[in-house]
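Peer 1: Going by full-length UniProt numbering, the first residue of the sequence shown is number 1, and it counts up by one from there.
Among the clues, some could well be false.
[What the hints assert, rightly or not] With beta-carbon atoms standing in for the labels, derived distance ranges: (1) R87 / E50: 18 to 24 Å; (2) T73 / Q93: 19 to 25 Å; (3) A81 / S49: 27 to 33 Å; (4) Q91 / A22: 15 to 21 Å; (5) G21 / E50: 34 to 40 Å; (6) P94 / A27: 38 to 44 Å.
By construction, these hints were calculated from the structure, which means they are not laboratory data. A virtual CB, placed ideally from N, CA and C, is assigned to each residue, including glycine.
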Amino acid sequence: MGERKSWGAKRAEVMSRPSAGAAYEAARIRFELGEAVRLRHEQLGLTQSELAERAGLKQPAVARFEAGGTTPTIPMLERLAEALEMRLSVQFQPLREAS
Numbered sequence: 001m002g003e004r005k006s007w008g009a010k011r012a013e014v015m016s017r018p019s020a021g022a023a024y025e026a027a028r029i030r031f032e033l034g035e036a037v038r039l040r041h042e043q044l045g046l047t048q049s050e051l052a053e054r055a056g057l058k059q060p061a062v063a064r065f066e067a068g069g070t071t072p073t074i075p076m077l078e079r080l081a082e083a084l085e086m087r088l089s090v091q092f093q094p095l096r097e098a099s
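Given only the sequences and the hints, what does the whole structure look like? Please build it.
Peer 2: Printed below as a string of structure tokens:
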């Protein structure tokens, strides 16, 4: 049996693969979008079910989205934005300025 690797070493190994950076970035974006939706619906005092009803979605779909488990379409983001009394804004930023 081989020597056990630390989590940091394993993460570094996985992230060194060519496609890992893009997958990590996509997951980060999904997570941040989901977190923003969750924070806003909590700010409005809405439950996931109430948000889902406003947006014409099912509650499990909202839960998956908030957990970063789905890649949303622009129409879905527009529906969520409207349900959250927000305006959807999509922008491109140079990589050196993106956080």
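Peer 1: Each hint: holds or not?
Peer 2: Comparing the hints with the structure gives:
The hinted range of 18 to 24 Å is satisfied by R87 and E50, whose Cβ atoms lie roughly 20 Å apart. The hinted window of 19 to 25 Å between T73 and Q93 holds, with their beta carbons roughly 21 Å apart. At roughly 18 Å, the beta carbons of A81 and S49 sit outside the given window of 27 to 33 Å. The given range of 15 to 21 Å is respected by Q91 and A22, whose C-beta atoms sit roughly 19 Å from each other.
The beta-carbon spacing between G21 and E50, approximately 37 Å, falls within the hinted interval of 34 to 40 Å. Restraint check, P94 to A27: a C-beta distance of roughly 21 Å breaks the suggested window 38 to 44 Å.
Violation of the numbered hints given earlier is confined to hints 3 and 6; the remaining hints are satisfied by the structure.
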